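Engineer: So the chains spell out like this:
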Amino acid sequence: MSRSRWAVIAWRLAILLVFLAAWQYLTGIKAISRTPGLYWIDPFFISRPSAIAERFLYLASDRVRLTIWQMALSTVQSTLWGFLVGVSTGFAAGLLLGRHDRVALVLEPYIVAFNSLPRIALVPLITMVFGFGLLAKIVLAWTIVFFIVFFNTFQGARSVDADLVHSARFLGASERQIATSVIVPSTLAWTFASLTPSISFALIGVVVGEFIGGESGGGLGYLIVQSLGTLNAADMMVALLVLGAIGITMALGIKQIEARLLRWRPEYQKRP
Amino acid sequence: MTSARVRIAIRDLSKTYAAGPREVPAVSRVSFDIHEGEFVAIVGPSGCGKSTVLNMIGALIPPSEGEILVDGRRVGGAPPAGVGYVFQKDTVFPWRTVERNIALGLEYRGVPAAARAARVREAIALAGLEGFEEAYPATLSGGMRQRVALMRSLVVDPEVLLMDEPFGALDTHTKLGLHAELLSLWAARRQTVVFVTHDLSEAITLADRIVVMTRRPGRVKMLYDVKLPRPRDVIRLRESAEYLREYGEVWHALGEEFEGGA
Chain A
0 MSRSRWAVIA WRLAILLVFL AAWQYLTGIK AISRTPGLYW IDPFFISRPS
50 AIAERFLYLA SDRVRLTIWQ MALSTVQSTL WGFLVGVSTG FAAGLLLGRH
100 DRVALVLEPY IVAFNSLPRI ALVPLITMVF GFGLLAKIVL AWTIVFFIVF
150 FNTFQGARSV DADLVHSARF LGASERQIAT SVIVPSTLAW TFASLTPSIS
200 FALIGVVVGE FIGGESGGGL GYLIVQSLGT LNAADMMVAL LVLGAIGITM
250 ALGIKQIEAR LLRWRPEYQK RP
Chain B
0 MTSARVRIAI RDLSKTYAAG PREVPAVSRV SFDIHEGEFV AIVGPSGCGK
50 STVLNMIGAL IPPSEGEILV DGRRVGGAPP AGVGYVFQKD TVFPWRTVER
100 NIALGLEYRG VPAAARAARV REAIALAGLE GFEEAYPATL SGGMRQRVAL
150 MRSLVVDPEV LLMDEPFGAL DTHTKLGLHA ELLSLWAARR QTVVFVTHDL
200 SEAITLADRI VVMTRRPGRV KMLYDVKLPR PRDVIRLRES AEYLREYGEV
250 WHALGEEFEG GA
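Here the protein sequences line up with chains A and B, keeping their order. FYI, numbering that gives the first Met the number 0 numbers position 255 of the first sequence as 254, with every residue one higher than the one before it. FYI, numbering that gives the first Met the number 0 numbers position 93 of the second sequence as 92, with every residue one higher than the one before it.
Derived from the structure by calculation, the hints contain no laboratory data. Treat the hints with caution; some may be incorrect.
[As the list claims (entries may be wrong)] Reference excerpt, derived from the structure (chain B facing chain A, CB under 10 Å, subset only): (1) A77; (2) L103; (3) S152.
[Said to hold, decoys possible] Restraint ranges, calculated between C-beta atoms of paired labels, are given here: (4) B:F31 <-> A:L83: 57 to 63 Å; (5) B:L68 <-> A:I110: 16 to 22 Å; (6) B:S140 <-> A:L83: 35 to 41 Å.
Every value quoted in this text rests on a predicted model; they were computed, and no experiment measured them. Quick reminder that beta carbons are idealized off the backbone N, C-alpha and C, glycines included.
Put together the whole structure using the sequences plus the hints.
Structural biologist: Structure (structure tokens):
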């Protein structure tokens, strides 16, 4: 790594340390006396790094019934399931409608209507139908991911280069071979581009599902609403930190997969 | 060449496009024959319908009137069997490596993997693409991509090759290199080639016969036999007196069409 790259990393670390130190220090200054509650900046609302670390260690230990790891696992599992089901059904529907104009024309108003419905508003209904468990969270994530992938795939399936199809036909391809060797790969390029936003939105869907889902659904969203009930800012911060880490890891993982699948694209090519 | 069998017969071919309420004639009553093993170039000012004629031979668009017979069979619907097509536009599949692009036609025909690999290797060697087998098109120059497209069409051994300004987007030097390659590949197999271009020097360098078309609506203005001996050296040819004489004659006919146009 070059010198300037190290300098960038050093600056980032410095900013983080200053931020944490200021947070820790400012939430420790009393306004008037040692009377509890009278702080310049009250740790009751935003907690303190030391308290968060303490709660993290506690929630990670086996002294609690549901550890932070179990909750994180539940959130990750539902997100991945919602993502997988959403991507595969969104791709299939996008490909089908993208290649069949009549069907697309007939279904268009329903798709637009359903997509303009705020998905959050569906949470109570989904919970009623699918119960307070893993399934409801997955279904919620699916309703979001499906449309992201669907619209991208639909667009991709419609913009398949006609001359590529002609070339294949001249090379002796059957209609079936044209579908598998031209239409699907050229559509997939568009589908792949929707994977990164999809995983982020799947996570959003799952956390919202967990807000309502209660303990049986588990998950970090449950920890957040539970902390709201007990007015425990430190626990809430622990949940947010872990969620952040999950979000970043998943996005980076998808980026890696995308770069691998789209390695033929100019932006992923290292020129020889 | 008149002794050879007629491979492609074009009879009273017309094409009219609908442009809103108006009908725009693009090609008007074109008739000529292309013989087996002949290299025919179609030249004309842009918009004269030369690509339209080629697309009708390849059954990409249906004629409005007249007909085309390839080996006596009327063209229509699907592309005629044994016909290859090289587009001007880059139609190499970007998600396939060079060797998998060249293998496409063989895959479609269900050629077994071992035989396929051998024929692809041969094609790659012929086109001088060794070392780029595993490369994706995005890493290749325009000339190399067009070479891949050419080999992809040739590897399935078409009897007729239709080429729509395949080198139109390339610089002069790359173009000359590809002319030399095309001529040597053609000399080995003697496919029937129909080559559309707006570049007269390209037509003279490559073809046995040149079809000069008028400006829109395109008709056949002249059928010109290129009297240059083969094999031709694409570079030295251009300095020869014969070449200049041929060029002058066709240029005169073509020039009349340009003058009257835009």
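Engineer: I'd like to know which numbered hints this structure contradicts. Please list them from smallest to largest.
Structural biologist: 5
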